[in-house]
Amino acid sequence: MKKVIILCAAFAAITLFFLYGATLYPHGSRLPSGASLEAPSALHLLGTDNLGVDIYAQLSSGFFRSMAIGLATAALAALLGGLLGIMAGYLGGRFDTAVSFLINILLSVPQLPIMIVVGAFFGQSTGNIIWIIAIFSWAPIAKQVRAKTRSVCGTRYVQLAESYGGGALYIIVRHMGRDIFPLLAINGIAVIGMAIIQESSLAYLGLSDPLAKSWGLMISKATAFSGIFFTDFWKWWILPPVFSLMLSVVCLRILARALESYFIKER
Amino acid sequence: MKDILKVNSLSVAYSDFELHPLSFSMQEGEILAIIGESGSGKTTLARAISCLLKEDAEPGGEVIIDGAEVLSMSESERRKMRLTTFSIAFQNSAEWLNPTMSLRAQLNEILDRVMKRERQEARMLELMELVGLSGDDLSRYPKELSGGMAQKFLLAGAIALEPKLVILDEPTSSMDVKSRRDFSELIKKLNSEKGIAFLIITHDLSLAAALSKRVIVLYEGHVVETGRTMQLLEDPRHPYTRGLINASMSMNLARDIWGIRAADSPYNRKGCPFCRRCTQSLPLCHEKAPSLEECGEDRQISCNRGGIVALMEAKSLSKAYGKQAVFKGVDFLIHYGEIVSLVGKAGVGKTTLARILAGFDEQYTGNGILFDSERADFELLHRTKRGVQMVFQDSESALNPHMTVKEAVSEPLLLSKEAPDSITPAVIKILKEVGLPGDDVFLRKKVRALSGGQKQRVSVARALTMEPALLIADEPTSMLDPSSSANLIRMLKTLQNQHGFSMLIITHDLECALKISDRIYLFTENGLKRLLPSEYVTANLEKVFD
Numbered sequence: 078m079k080k081v082i083i084l085c086a087a088f089a090a091i092t093l094f095f096l097y098g099a100t101l102y103p104h105g106s107r108l109p110s111g112a113s114l115e116a117p118s119a120l121h122l123l124g125t126d127n128l129g130v131d132i133y134a135q136l137s138s139g140f141f142r143s144m145a146i147g148l149a150t151a152a153l154a155a156l157l158g159g160l161l162g163i164m165a166g167y168l169g170g171r172f173d174t175a176v177s178f179l180i181n182i183l184l185s186v187p188q189l190p191i192m193i194v195v196g197a198f199f200g201q202s203t204g205n206i207i208w209i210i211a212i213f214s215w216a217p218i219a220k221q222v223r224a225k226t227r228s229v230c231g232t233r234y235v236q237l238a239e240s241y242g243g244g245a246l247y248i249i250v251r252h253m254g255r256d257i258f259p260l261l262a263i264n265g266i267a268v269i270g271m272a273i274i275q276e277s278s279l280a281y282l283g284l285s286d287p288l289a290k291s292w293g294l295m296i297s298k299a300t301a302f303s304g305i306f307f308t309d310f311w312k313w314w315i316l317p318p319v320f321s322l323m324l325s326v327v328c329l330r331i332l333a334r335a336l337e338s339y340f341i342k343e344r
Numbered sequence: 000m001k002d003i004l005k006v007n008s009l010s011v012a013y014s015d016f017e018l019h020p021l022s023f024s025m026q027e028g029e030i031l032a033i034i035g036e037s038g039s040g041k042t043t044l045a046r047a048i049s050c051l052l053k054e055d056a057e058p059g060g061e062v063i064i065d066g067a068e069v070l071s072m073s074e075s076e077r078r079k080m081r082l083t084t085f086s087i088a089f090q091n092s093a094e095w096l097n098p099t100m101s102l103r104a105q106l107n108e109i110l111d112r113v114m115k116r117e118r119q120e121a122r123m124l125e126l127m128e129l130v131g132l133s134g135d136d137l138s139r140y141p142k143e144l145s146g147g148m149a150q151k152f153l154l155a156g157a158i159a160l161e162p163k164l165v166i167l168d169e170p171t172s173s174m175d176v177k178s179r180r181d182f183s184e185l186i187k188k189l190n191s192e193k194g195i196a197f198l199i200i201t202h203d204l205s206l207a208a209a210l211s212k213r214v215i216v217l218y219e220g221h222v223v224e225t226g227r228t229m230q231l232l233e234d235p236r237h238p239y240t241r242g243l244i245n246a247s248m249s250m251n252l253a254r255d256i257w258g259i260r261a262a263d264s265p266y267n268r269k270g271c272p273f274c275r276r277c278t279q280s281l282p283l284c285h286e287k288a289p290s291l292e293e294c295g296e297d298r299q300i301s302c303n304r305g306g307i308v309a310l311m312e313a314k315s316l317s318k319a320y321g322k323q324a325v326f327k328g329v330d331f332l333i334h335y336g337e338i339v340s341l342v343g344k345a346g347v348g349k350t351t352l353a354r355i356l357a358g359f360d361e362q363y364t365g366n367g368i369l370f371d372s373e374r375a376d377f378e379l380l381h382r383t384k385r386g387v388q389m390v391f392q393d394s395e396s397a398l399n400p401h402m403t404v405k406e407a408v409s410e411p412l413l414l415s416k417e418a419p420d421s422i423t424p425a426v427i428k429i430l431k432e433v434g435l436p437g438d439d440v441f442l443r444k445k446v447r448a449l450s451g452g453q454k455q456r457v458s459v460a461r462a463l464t465m466e467p468a469l470l471i472a473d474e475p476t477s478m479l480d481p482s483s484s485a486n487l488i489r490m491l492k493t494l495q496n497q498h499g500f501s502m503l504i505i506t507h508d509l510e511c512a513l514k515i516s517d518r519i520y521l522f523t524e525n526g527l528k529r530l531l532p533s534e535y536v537t538a539n540l541e542k543v544f545d
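Chains as they are written, first to last, in the numbering used here: chain Z, 78 to 344; chain G, 0 to 545.
Some hints here could point you the wrong way.
Pairs of lysine to aspartate or glutamate, DMTMM-like flavour, derived with a Cα cap of 20 Å [stated by the list, open to error]: (1) 428/G with 393/G; (2) 225/Z with 17/G; (3) 405/G with 286/Z; (4) 445/G with 286/Z; (5) 1/G with 161/G; (6) 445/G with 343/Z; (7) 416/G with 286/Z; (8) 444/G with 343/Z; (9) 193/G with 136/G; (10) 342/Z with 395/G; (11) 428/G with 406/G; (12) 344/G with 406/G; (13) 444/G with 256/Z; (14) 269/G with 17/G; (15) 298/Z with 286/Z; (16) 384/G with 343/Z; (17) 322/G with 361/G; (18) 445/G with 508/G.
Counterexamples of contact, computed for chain Z against chain G with all Cβ distances above 12 Å [stated by the list, open to error]: (19) 84; (20) 129; (21) 186; (22) 188; (23) 232; (24) 234; (25) 244; (26) 286; (27) 311.
If you're looking for bench data, these hints aren't it; they were derived computationally from the structure. Quick caveat, the model's predicted, so the values are computed rather than measured. Cβ atoms here follow ideal geometry from the backbone N, Cα and C, with glycine treated the same way.
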């Protein structure tokens, strides 16, 4: 539990750091606020890009965009995965066969190429990004939830509860809830991290909203700047978004792991 | 053959006790036993027959001894019959002896009626020897006699004039094992050689079994069952008779002995006298008194439900997994208020059968399962009170580890839509009954934090919240250490005895089955076979005092 609290605090600190950049920080993330490619200074904490837009401001707005996309995706994926997993595990039969088949297909196809094709087909919008990532993220959740549901369904206490007249909703809420909720929480957090990376990847490839400030787009633009690695610019233009990306994703990942071991210990 | 004793609707009314009109007859040279608990009216009956009732009693009906109605006779006429035609030996024998007279003097008094003093001495010695006393005892006074000796002497007095009928009231109550055996032998000898008929009033079933040909079971002044001794003892039809047999130590060597459960309120002389202690009573039983009716040859029973009722009955059950047969043609029967154990080797299908009987497995073939003579609707039986509940072998998986004790135990009540404010008190009551604390701390404890024994008790508590008529327990003690399992078994038996439900125990533990069960079945591939403990357990107590 201590580890979970520490990680939550660390994540809150990261959020606060970017919250400052997105609100009180004097420079905006869209319009140039200084000269082109200024090095970090007291005025521009992380310097500016080639158009003179403040890097820290861009990073901050990118964080909230990434988090929003991650959360929305995770919520969608957890909802879909949880619902389909529970129904497949509880109902069994044909429904289970169909859902399991779908899960296996989604788990076996290479995700990124398909996302690129689908993304390109549906056009560049944040909404599209969210549901495309969600579609590819619910399958592992559903697989786990289904397995858990099936194992709980087979226990004597569920059989007894059914014999006492407990309906499906009662069984799911009272008997499975406390097994399935941790699964959803852990997987949901993992999905946030994964969604951030996938969104950045799509943005890097130019398949995300071109107007939105996202970390992937920042990296993409910076690497497109010819000869950047021959200058010092990469130190404040490329490193901060890459580092932010890694930090937040790793932080979420460790949090998911810590939660998992906490729930396992609690059992 | 001639009747030596014929009782026609004999009734006795005391201010606080009533002997209901009862009728029976005894042939010459027959031994008849009347059994029942203390207070069932046995002694009143003996006194009524021998016209020695206390003054406030009002006898009614007729008692015909050797052709003469004695109740309406004057005492002087009756006196002529006493000792020569019929005699009686009471319990608490010493009270019936004059403490100031030596035994010789007391026997003199009796023998004076038929012979001269000179010839009496030889007869006295003969009598004393016959009952197992010595001639030297004749000069003793009653206070010098032990209880057993006094009883023997009283018998000597009762048979001194060789009457046709001797009534013995608790004749062996103060005798040790050896004297009892000698006494039985003596009664048999007197019966076969002199043709004396004995009416034996006793609560000692083994004495009744050893001596009598027929038995009358008396309860609260009512005859509840009559029949031939062996038939009645081997296959009791009335719940009371069964309770008496189950409570008899000498007939259940290996068993833990439990009396019939106590009544919650006294008999108000309305309805069946036994209904408050009966495990199968219906609302009707509290209203309507049953009458004694014929059931089978030489057998009568007084029960509104026609005797012990089958609670669950299954005929020729078979179970197979694919082509692999688990068992075939199993017949099963459990009565109301009975503990039946199913024992058998591991893997023979005990648990499978238990699950079928508990309604958790419908994949079987057979003639179906009857519950209370109707086809068992397990869905309903699981959800309603007085139904069927099962305690699974593995309490670990039978309870949701995330739930609190209260949540787990209250689940059946909650789901059967019990009034919400009555649930918590019911849960606390049940927890206390199964020997767990009923305080808030324990109620809020998570199931996973409990020990194995506690979990098993919580499982039992949960099943008992539904007040089942049949509780099926699969290996209830297999996970427990000897002390916990002893506690659990005693607890189950206590609850069963108090609440009067039927219990089916599945176990491989023969000792446990012997301790607790009313009937034991051995489960083999070919079906169930009744195991009689007496065939496997013997005790040699009778030789101890030799």
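Enumerate the violated hints, using their earlier numbering and listing them in ascending order. 1, 2, 3, 4, 7, 9, 12, 16, 18, 23, 24 and 25
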